[in-house]
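Visitor: Respectively, the protein sequence lines represent chains A and B.
Just so it is clear: in the first sequence, position 134 is 134 by my numbering, and no numbers are missing.
Just so it is clear: in the second sequence, position 49 is 1049 by my numbering, and no numbers are missing.
Source of the hints: derived by calculation from the structure; they are not laboratory data.
No experiment lies behind these values; they were computed from the predicted model shown.
Glycine is no exception: its CB is placed at the ideal position from the N, C-alpha and C atoms.
There could be a bad hint or two in this list.
To be verified - Using 20 Å as the maximum straight-line C-alpha spacing, the simulated DMTMM-like pairs for lysine to aspartate or glutamate come out as follows: (1) A:Lys189 x B:Glu1051; (2) B:Lys1054 x A:Glu41; (3) A:Lys112 x A:Asp39; (4) A:Lys189 x B:Asp1143; (5) B:Lys1065 x A:Glu41; (6) A:Lys200 x B:Glu1044; (7) A:Lys36 x A:Glu74; (8) A:Lys106 x A:Asp144; (9) A:Lys200 x B:Asp1061; (10) A:Lys106 x A:Asp89; (11) A:Lys112 x A:Glu70; (12) A:Lys200 x A:Glu109; (13) B:Lys1054 x A:Glu66; (14) B:Lys1065 x A:Glu201; (15) B:Lys1065 x A:Glu74; (16) A:Lys159 x B:Asp1143; (17) A:Lys200 x B:Glu1181; (18) B:Lys1054 x A:Glu67; (19) B:Lys1054 x A:Glu201; (20) A:Lys200 x B:Asp1126; (21) A:Lys189 x B:Glu1039; (22) A:Lys200 x B:Asp1060; (23) A:Lys200 x B:Glu1093; (24) B:Lys1065 x A:Glu67; (25) A:Lys189 x B:Glu1005; (26) A:Lys112 x A:Asp144; (27) B:Lys1065 x A:Asp89; (28) B:Lys1004 x A:Glu201; (29) B:Lys1054 x A:Glu151; (30) A:Lys112 x A:Asp171; (31) B:Lys1065 x A:Glu25; (32) A:Lys159 x A:Asp89; (33) A:Lys189 x B:Glu1181; (34) A:Lys36 x A:Glu109; (35) A:Lys200 x A:Glu179; (36) A:Lys159 x B:Glu1051.
Said to hold, decoys possible - Ranges of calculated distance between the beta carbons of each label pair, as one might list FRET restraints: (37) A:Gln150 x B:Lys1004: 46 to 54 Å; (38) B:Ser1032 x A:Asn197: 17 to 25 Å; (39) B:Cys1033 x A:Arg87: 46 to 54 Å; (40) A:Ala78 x B:Val1096: 55 to 63 Å.
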Amino acid sequence: MREHLLQSSQTIGIPLTNVAPSAVEQDDLLLVAASKNGDQEAFAQLVQRYQRLVFNLVYRMLQQYEEATEITQETFLAAWQGLPAFRGDARFPTWLYRIAYNCSLKQLELRKRDRALQVALEAERILGNASDEQRENAELDAHDRQLLVQEHLSHLPTKYRIVLILRHLQDMTYEEMAEILTMPIGTIKTHLFRARNLLKERLQSFNHESDMG
Amino acid sequence: MRCKEASHKLQLYLDNRLTIQQIRTLEAHLASCNACMEELTIFETVVNDLETFKVVAEPDDLNVKIMRRVAIAASQRNTSPSRFSLWHPSLLEILVAAALATIATIGTILQQSSIRSMLPIANGHDGLSLAYFNMLHALMNVDSTALILALWIAGTLLGVCITLIFAGSEMRTQWFKAMMERLPVR
Chain A
1 MREHLLQSSQ
11 TIGIPLTNVA
21 PSAVEQDDLL
31 LVAASKNGDQ
41 EAFAQLVQRY
51 QRLVFNLVYR
61 MLQQYEEATE
71 ITQETFLAAW
81 QGLPAFRGDA
91 RFPTWLYRIA
101 YNCSLKQLEL
111 RKRDRALQVA
121 LEAERILGNA
131 SDEQRENAEL
141 DAHDRQLLVQ
151 EHLSHLPTKY
161 RIVLILRHLQ
171 DMTYEEMAEI
181 LTMPIGTIKT
191 HLFRARNLLK
201 ERLQSFNHES
211 DMG
Chain B
1001 MRCKEASHKL
1011 QLYLDNRLTI
1021 QQIRTLEAHL
1031 ASCNACMEEL
1041 TIFETVVNDL
1051 ETFKVVAEPD
1061 DLNVKIMRRV
1071 AIAASQRNTS
1081 PSRFSLWHPS
1091 LLEILVAAAL
1101 ATIATIGTIL
1111 QQSSIRSMLP
1121 IANGHDGLSL
1131 AYFNMLHALM
1141 NVDSTALILA
1151 LWIAGTLLGV
1161 CITLIFAGSE
1171 MRTQWFKAMM
1181 ERLPVR
């Protein structure tokens, strides 16, 4: 995998909620208007601004670097083609996130149907189990636990994974998540609480097994 | 506060969705309940682990790749025919359409008896009119079932012809090929 991790202190670089949102939104509106008129330079600026945000969302959903690269491209292409229909009811990043989420879901569906990939994933899972055994023998430190949470995250149902990603990796509010996923806030809360409970239970059982070992 | 209620509030607490009063009540419960305190610790561990996930850098050439695809899509959009220019009629098609329109117009005009009487033909006394009335009379004497069948066949053929004229040459070629393939003898 050719992924490059940035330092944890490095932010995602996109001011979604905390850094002068009105100025960014204003700028987005201008760039979107220009892009609608066919200005590719303006759209390139939007891509530059949001590509990391979109890429990380897609990557956390799909867990595969190359696939995430492809789906990020498809997301922006779909955004470009869908710009005439973008009326500005939602903020541009919200709309873009919705496209990225839908593209990721579509890819997950395709992946399910792809038998060859299923076989590859199965092989990867077997290898993963082998590394689990090795890890059980080693001392569990904070880094290992993070890996564990990451692994459990990838095995959660999609509807739970997406809310955890949006809430804790993209620092979004319930309202923003509801807008992106087009779900009521109550449903968002239910999914988020269940997702965290599942991760908590898995971490507890892992801790218990470690104590027994 | 009971443990069940506290357990639900813990998640809202993590998301900063509690009022100051609710936070105080929860913290008072946590101070006296080890089980809920332990649950909070585990939740915080999960959340901290999630939030310390490192940001993954996208490929360096991602922007270039995206814009390349956008440029291709834009050029395709520019070169693709618009909704209103899908049909490019040939000269023959224009002539047939003009002939049909002329026939329809003449038919409408001839229905007006005042106009018809001014014309040297089709005024009811000339040869053309007599031929027309004779033909009409002959048709009236024909068996009605046979007449309806003949009219139905003629109408169908006319409909097919009009459809093919307006469908364009490409569609006509495809239709012709499909018909030839279905013929029992070639």
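Visitor: The structure should be examined with respect to each hint, and the outcome stated for every one.
Guide: Hints, verified against the model:
1. A:Lys189 x B:Glu1051: Status holds; Cα separation ~18 Å.
2. B:Lys1054 x A:Glu41: Violated. B:Lys1054 to A:Glu41 sits at ~30 Å, over the 20 Å cutoff.
3. A:Lys112 x A:Asp39: 38 Å, violated
4. A:Lys189 x B:Asp1143: 78 Å, violated
5. B:Lys1065 x A:Glu41: Holds. B:Lys1065 to A:Glu41 sits at ~14 Å (cutoff 20 Å).
6. A:Lys200 x B:Glu1044: 9 Å, holds
7. A:Lys36 x A:Glu74: 18 Å, holds
8. A:Lys106 x A:Asp144: 31 Å, violated
9. A:Lys200 x B:Asp1061: Violated - the C-alpha atoms of B:Asp1061 and A:Lys200 are around 38 Å apart, more than 20 Å.
10. A:Lys106 x A:Asp89: Violated: A:Lys106 and A:Asp89 sit about 24 Å apart, past 20 Å.
11. A:Lys112 x A:Glu70: 17 Å, holds
12. A:Lys200 x A:Glu109: With a Cα-Cα distance of about 27 Å, the restraint between A:Lys200 and A:Glu109 is violated, given a limit of 20 Å.
13. B:Lys1054 x A:Glu66: Roughly 18 Å separates the two Cα atoms, so the pair holds.
14. B:Lys1065 x A:Glu201: Not satisfied, since the Cα-Cα distance of roughly 42 Å exceeds 20 Å.
15. B:Lys1065 x A:Glu74: Roughly 10 Å between the alpha carbons, so the hint for B:Lys1065 and A:Glu74 holds.
16. A:Lys159 x B:Asp1143: The given pair, whose Cα atoms are some 72 Å apart, is violated under the 20 Å limit.
17. A:Lys200 x B:Glu1181: Violated - the C-alpha atoms of B:Glu1181 and A:Lys200 are around 67 Å apart, more than 20 Å.
18. B:Lys1054 x A:Glu67: The hint holds at about 19 Å.
19. B:Lys1054 x A:Glu201: 23 Å, violated
20. A:Lys200 x B:Asp1126: Roughly 102 Å between the alpha carbons, so the hint for A:Lys200 and B:Asp1126 is violated.
21. A:Lys189 x B:Glu1039: 18 Å, holds
22. A:Lys200 x B:Asp1060: Outside the cut-off at roughly 36 Å; violated.
23. A:Lys200 x B:Glu1093: 73 Å, violated
24. B:Lys1065 x A:Glu67: Distance ~14 Å between B:Lys1065 and A:Glu67 Cα, so the pair holds.
25. A:Lys189 x B:Glu1005: With a Cα-Cα distance of about 15 Å, the restraint between A:Lys189 and B:Glu1005 holds, given a limit of 20 Å.
26. A:Lys112 x A:Asp144: 29 Å, violated
27. B:Lys1065 x A:Asp89: 29 Å, violated
28. B:Lys1004 x A:Glu201: With a Cα-Cα distance of about 16 Å, the restraint between B:Lys1004 and A:Glu201 holds, given a limit of 20 Å.
29. B:Lys1054 x A:Glu151: 14 Å, holds
30. A:Lys112 x A:Asp171: Status violated; Cα separation ~29 Å.
31. B:Lys1065 x A:Glu25: Roughly 25 Å separates the two Cα atoms, so the pair is violated.
32. A:Lys159 x A:Asp89: 24 Å, violated
33. A:Lys189 x B:Glu1181: Violated, because 62 Å separates the two Cα atoms, which is more than 20 Å.
34. A:Lys36 x A:Glu109: 31 Å, violated
35. A:Lys200 x A:Glu179: 27 Å, violated
36. A:Lys159 x B:Glu1051: 19 Å, holds
37. A:Gln150 x B:Lys1004: 46 to 54 Å: Given about 30 Å between the Cβ atoms, the range is violated.
38. B:Ser1032 x A:Asn197: 17 to 25 Å: With Cβ atoms ~23 Å apart, the hint holds.
39. B:Cys1033 x A:Arg87: 46 to 54 Å: 51 Å, holds
40. A:Ala78 x B:Val1096: 55 to 63 Å: 43 Å, violated
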